[in-house]
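K.L.:
Sequence:
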Amino acid sequence: MIRFSALTLLLAMNTYAQEPTLNQLDEVVISDSKFALSKEKSGKVIVKINAAELAKKPGQSVATILSTVVGLEVNGNQSSAGKNLGYYVRGGRNRQTLILIDGIPVTDASGVNLEYDLRFISAEQVESIEVMKGAASTLYGSGAATGVINITLKKASKKEVTGNVYTSLGTQTTADKTNYRPQDFNQGFGLNGTIGKINYLATINSVETKGISEAKGVDFEDDHFSKIATLLKVGFAPTKKLSFDFFTNYDRIKNNYDGYYDNFTSADTPVNVATSEQFRFGFSPKYKHNKGEFVLNAGFNSTERKYASFNSWTNSIDNSLYASKNVSTDAFNKYTFSPQFFLILGSQFQFNEMEAISESITKQNAKFNSIDSYFTAVYNSNFGLNVNAGARYNLHNIYKNYAVYNFNPSYLFSKLPLKIVASYSTAYITPSLYQLYSPYGNLVLTPEKNSTVESGFEVVLLNKKVTLNTVGFYREENNSIGFYTNPVTYASNYVNVNGTYNAKGIETMFSVSASEKLKFNANYTFTQVEQPLQRLIPKHKGNLSLDYEFSEKATFNLAYQYVDKRKDAFFDGGTYETTPVILDSYQLVNAIGNFKIIKNRLNVFASVNNIFNEDFEETVGYNTKGRNIKIGLNLMF
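Each residue of the sequence shown is one higher than the last, beginning at 1 in this note's numbering.
Read the hints as simulated data drawn from the structure, not as lab findings. Take these hints with a grain of salt, some might be off.
[Unchecked claim] Using 30 Å as the maximum straight-line C-alpha spacing, the simulated BS3-like pairs for lysine-lysine come out as follows:
no.	residue 1	residue 2
1	LYS465	LYS56
2	LYS155	LYS254
3	LYS325	LYS465
4	LYS325	LYS286
5	LYS240	LYS155
6	LYS56	LYS210
7	LYS197	LYS240
8	LYS553	LYS504
9	LYS363	LYS325
10	LYS158	LYS39
11	LYS210	LYS254
12	LYS517	LYS464
13	LYS56	LYS227
14	LYS599	LYS553
15	LYS254	LYS158
16	LYS154	LYS464
17	LYS155	LYS553
18	LYS56	LYS464
19	LYS154	LYS240
20	LYS155	LYS39
21	LYS254	LYS286
22	LYS517	LYS154
23	LYS39	LYS504
24	LYS400	LYS363
25	LYS159	LYS240
26	LYS155	LYS197
27	LYS158	LYS241
28	LYS553	LYS154
29	LYS216	LYS539
Please put together the full structure from these sequences, using the hints given.
P.N.:
Structure representation (C-alpha cells):
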C-alpha cells in the first residue's frame with residue numbers, strides 16, 4: 001500500500017469539514033440561543049449535520065458520524081459494538097460534553113461521570129445533529145463545559161400515513177482475523193403521519209452483532225452485542241399558536257465483555273454479561289405569543305445497568321446493579337422587543353437519584369436537586385454587529401451556589417464575504433452522585449470550573465460555493481474532580497484537585513462545491529493539552545470527504561480520516577500496575593455508494609470501511625475493526 005502524510009495533505013488543501021452543507025450561511029441553528037436563528041447571525045461556528053447529509057451515511061452509527069466533526073473525537077466508534085464510548089471535545093472528557101435529545105438533557109445519574117451512552121440512539125431515528133463547542137453552561141447548565149451535542153429526532157410527515165422498512169447486513173472482522181461472513185445485522189421500521197391536528201411517529205430498531213472480541217488477545221472469545229431501540233412521539237396542535245409534543249422510548253443493550261474465566265458457565269446466569277436499559281418519557285408544550293414564544297421541555301429518564309461477572313475468590317458469579325432516575329424541566333420564554341433584539345428568560349429544575357446495592361449506595365441517600373435561573377440577550381444590528389450575552393445562577397442542595405456567564409460578539413461585513421467571531425464563556429460541572437455518596441465519595445466536593453475564550457473567522461466565496469472558517473480556542477479547567485489514594489493507609493476518595501490546567505487548539509473547515517455533482521470537504525483539528533488531560537486525545541486529526549453524484553439515482557462518497565498518536569495507560573489486572581503507553585497514529589479510508597432503485601420508494605446502499613485493512617488501536621488492549629463490508633436497503637411507502 002502506498003502511504004502518504006495525512007497532515008501534509010490536509011494543510012496543503014486548506015482543510016475543512018466532512019459535511020457539504022454544514023456551513024451554508026442561510027441555514028438555521030438553535031443551539032446558541034434555544035430558538036431558530038439564521039446561521040449568519042450566530043456568533044458561533046456551529047456544525048450542523050442535516051437530514052440530507054445523514055442520508056448519505058447509511059449503516060453508520062451516531063458515534064461514527066460524530067467522529068468526523070471537527071474538534072470532536074469519539075473514542076470507541078471503531079471498536080467492537082460493546083465498547084464504551086469516550087467523547088473528547090477541545091481536550092475535555094465525557095463529563096464535560098452535554099448531550100441533548102430534542103432539547104432535553106440526557107444523563108445516567110448512576111455513572112461516575114454523569115455521562116450518556118450514545119449507543120442507545122439509532123442513527124435511523126435522527127433528523128439532524130448540531131455540535132456547538134465551547135463553554136455553554138449559561139444556556140444549558142451543568143456539563144456543558146467543552147461542548148453541546150444537540151440531537152433532533154425525526155418528525156412526522158404531513159401525509160396521513162407514511163413509513164419505511166430497512167435492513168442491512170455486514171461483516172464484523174478485525175484486521176488480523178478476517179471473516180467475511182455476515183455477522184452484523186441491523187433492521188427496523190417506522191410509521192408516521194398527520195391526521196387533522198394530531199401527528200405521530202413510531203419507530204423500532206434492532207441490532208445483532210458478533211464476530212469480534214471486545215478485548216484484544218488470543219484467549220478471548222467473540223463477544224455478542226444486541227440492541228432494541230423504540231420511540232413513540234405524538235403531537236397535538238389545537239391552534240396555530242399552541243402545540244403539545246409527547247414522547248416515550250424504551251431502549252435495551254445487552255453485550256458480553258471479556259474477563260477472567262469467560263468459559264465459566266452457570267445454570268442461572270451467564271458470565272461476563274452487561275445489560276443496560278433506558279426508559280424515557282416527556283412532553284414539550286409551546287405557545288407563540290405576540291412578542292415571542294414560551295417553551296417547556298420536560299423529561300424523565302430511568303436507567304439500569306446490570307453486570308454478571310465471575311469472582312475468582314468465591315468461584316461464583318457476582319451480580320451488580322446500578323440504577324438511576326433523572327428529572328429535568330426547562331421553561332423559557334423568548335420576548336422580542338424588535339426585529340434586532342430579543343431576550344430569553346428561563347428556569348431549569350433537575351433531580352437525580354441513584355442506587356448501587358453492591359456498593360452500599362441507596363437511593364434514600366444518593367440524591368440531589370438543583371434550580372437554575374438564566375437569561376440570554378441577542379442583538380442583531382442592521383450594520384453587521386451581532387451580540388449574544390447571558391448569565392446563569394445555579395442553586396444546588398449539596399454545595400454552595402454558583403454563577404456562570406458568556407459574552408459572544410460577532411461581525412458580518414457587508415462589503416466583504418467575511419464574518420468574525422469571538423467569545424468568552426464560563427461553565428461548571430456538578431459532582432456526580434457516585435463521587436458524593438459511593439464508598440469513595442466526598443460530600444465536600446464542589447463543582448469543576450471551566451472558562452473558554454475563542455476567536456475566528458468565516459469566509460464564503462463564489463455564491464456560497466467555497467466556505468472556509470477557522471477558530472482558535474484556549475480553555476482553562478480548575479477545581480477538577482480527581483481520585484486520591486493515601487500512600488500510607490491506602491484509603492481512597494474523590495477530591496477537588498488544586499491547580500489550573502489548560503487546553504488550546506485550532507479548528508479549521510473548508511468546503512468546495514466544484515459543480516452540482518461534485519463536492520469536496522475537509523477539516524483539521526489541532527489540540528494541545530497539559531499532561532493530566534492528555535489521555536486518548538490526538539494532537540492532530542483530519543478528515544477529507546468527496547461526494548459525487550453520478551445521476552439522480554446514484555451517489556458516491558469517499559472519506560479519509562487521520563488520527564494522530566495518543567497517550568493511554570495499560571492496567572495490568574495481575575500486578576495491579578498501570579503503565580503509560582503511546583498508541584500509534586492511524587489512517588482510515590471508507591466508501592459508500594447510494595442507489596435509488598425506485599425514486600422515493602426503494603433505496604439500496606453498499607459500503608466498505610477501512611478499505612486498506614489498517615491494523616490499529618483506539619484504546620490499549622481493545623480490538624478494532626478491520627476491512628468490513630455492509631449492504632442494505634430502505635423501502636418507503
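K.L.:
Now, for every hint given, state plainly whether the structure supports it.
P.N.:
Each hint, compared with the structure:
no. : hint              : in the structure
1   : LYS465 <-> LYS56  : holds (20 Å)
2   : LYS155 <-> LYS254 : holds (28 Å)
3   : LYS325 <-> LYS465 : violated (47 Å)
4   : LYS325 <-> LYS286 : holds (25 Å)
5   : LYS240 <-> LYS155 : holds (18 Å)
6   : LYS56 <-> LYS210  : holds (25 Å)
7   : LYS197 <-> LYS240 : holds (10 Å)
8   : LYS553 <-> LYS504 : violated (44 Å)
9   : LYS363 <-> LYS325 : holds (9 Å)
10  : LYS158 <-> LYS39  : holds (26 Å)
11  : LYS210 <-> LYS254 : holds (12 Å)
12  : LYS517 <-> LYS464 : holds (15 Å)
13  : LYS56 <-> LYS227  : holds (23 Å)
14  : LYS599 <-> LYS553 : holds (8 Å)
15  : LYS254 <-> LYS158 : violated (36 Å)
16  : LYS154 <-> LYS464 : holds (28 Å)
17  : LYS155 <-> LYS553 : holds (25 Å)
18  : LYS56 <-> LYS464  : holds (21 Å)
19  : LYS154 <-> LYS240 : holds (21 Å)
20  : LYS155 <-> LYS39  : holds (22 Å)
21  : LYS254 <-> LYS286 : violated (37 Å)
22  : LYS517 <-> LYS154 : holds (27 Å)
23  : LYS39 <-> LYS504  : holds (25 Å)
24  : LYS400 <-> LYS363 : holds (22 Å)
25  : LYS159 <-> LYS240 : holds (18 Å)
26  : LYS155 <-> LYS197 : holds (14 Å)
27  : LYS158 <-> LYS241 : holds (18 Å)
28  : LYS553 <-> LYS154 : holds (24 Å)
29  : LYS216 <-> LYS539 : holds (25 Å)
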